[in-house]
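Visitor: Take the given structure of chain A and dock chain L to it, following the hints.
Single-letter residue listing:
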Amino acid sequence: AIQLTQSPPSLSASIGDRVTVTCRASQDIRSELGWYQQKPGKAPKLLIYAASILQSGVPSRFSGSGSGTEFTLTISTLQPEDSATYFCLQDYNQPWTFGQGTKVELK
Amino acid sequence: EVQLVETGGGLVQPGGSLRLSCAASGFMFSDYDMDWVRQPPGKGLEWVGRFRSKNNGYTTVYAASVKARFTVSRDDSEKALYLQMNSLKTEDTAVYYCARTKYCSGGSCALDSWGQGTLVTVSS
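Quick note, the sequences are listed as chains A and L, same order.
If you count the first sequence from 1, position 38 lands on 38 in our numbering, and the numbers rise without skipping.
If you count the second sequence from 1, position 100 lands on 1100 in our numbering, and the numbers rise without skipping.
The hints are simulated quantities; they were obtained by calculation from the structure and are not laboratory data.
Here the structure is a predicted model, which is why all the values come from computation and not from measurement.
DEER-style ranges, computed between Cβ atoms:
(1) L:S1073 <-> A:I15: 44 to 52 Å
(2) A:P8 <-> L:C1104: 25 to 33 Å
(3) A:T77 <-> L:S1073: 42 to 50 Å
(4) A:T77 <-> L:K1067: 38 to 46 Å
(5) A:T22 <-> L:G1010: 34 to 42 Å
Dumping the calculated PhoX-like pairs for lysine-lysine here, alpha-carbon to alpha-carbon at most 25 Å:
(6) A:K42 <-> L:K1079
(7) L:K1067 <-> L:K1089
(8) A:K42 <-> L:K1102
Only some residues are given here: those of chain A computed to face chain L with a beta carbon under 7 Å:
(9) G34
(10) A43
(11) W96
(12) G101
For every residue, glycine included, the Cβ atom is placed at its ideal position computed from N, Cα and C.
Extracted from the complex, chain A is given alone in its bound form:
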């Protein structure tokens, strides 16, 4: 199975900061990766699919980039409601696999 490694495991940032989360795949997965946001006690929410396409209704401060084995989720201007855990998910082949998550906290 393809392994996804996220970094950092957690980070602390201030309102208005630019935040970057990285997901590295154990093999080439082209652009077949998505990003999800999960708040405590809630289901995950799709933010980005196909590495860089913003899901409908998601604020434009979220963006994704990358292909092959290196992917990045960027929050351009951190807002209070962005405090959450972020997961990447590869859909290149079965079984689909998730990264271990990055917890984003506010300073």
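Guide: Just chain L, lined up with the frame of chain A:
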């Protein structure tokens, strides 16, 4: 509005069985591949299995950790997805989510709608 509602979670002893249900509404259920994803308490997400739509072959696929113990089924007339879990282990303790796959040009490419989850606890 897309809605997915999971039911059937609870406490079960190791070696026991449980059947989860997911009731779908607000979309053409039969057109979509449907997945189960789980999350142990305080841990990350694990993809569990899928039942593909008729257009995609009406077949199932599973994670290695549950293959031969779990079975995903669906009833398109009832707009329902099921997860039959047998030979349960303590490590199967998790919140189980039902999720709809998003169709992209190359096939299913993401999980764009999720239920609220149902907790399964495997313990003696």
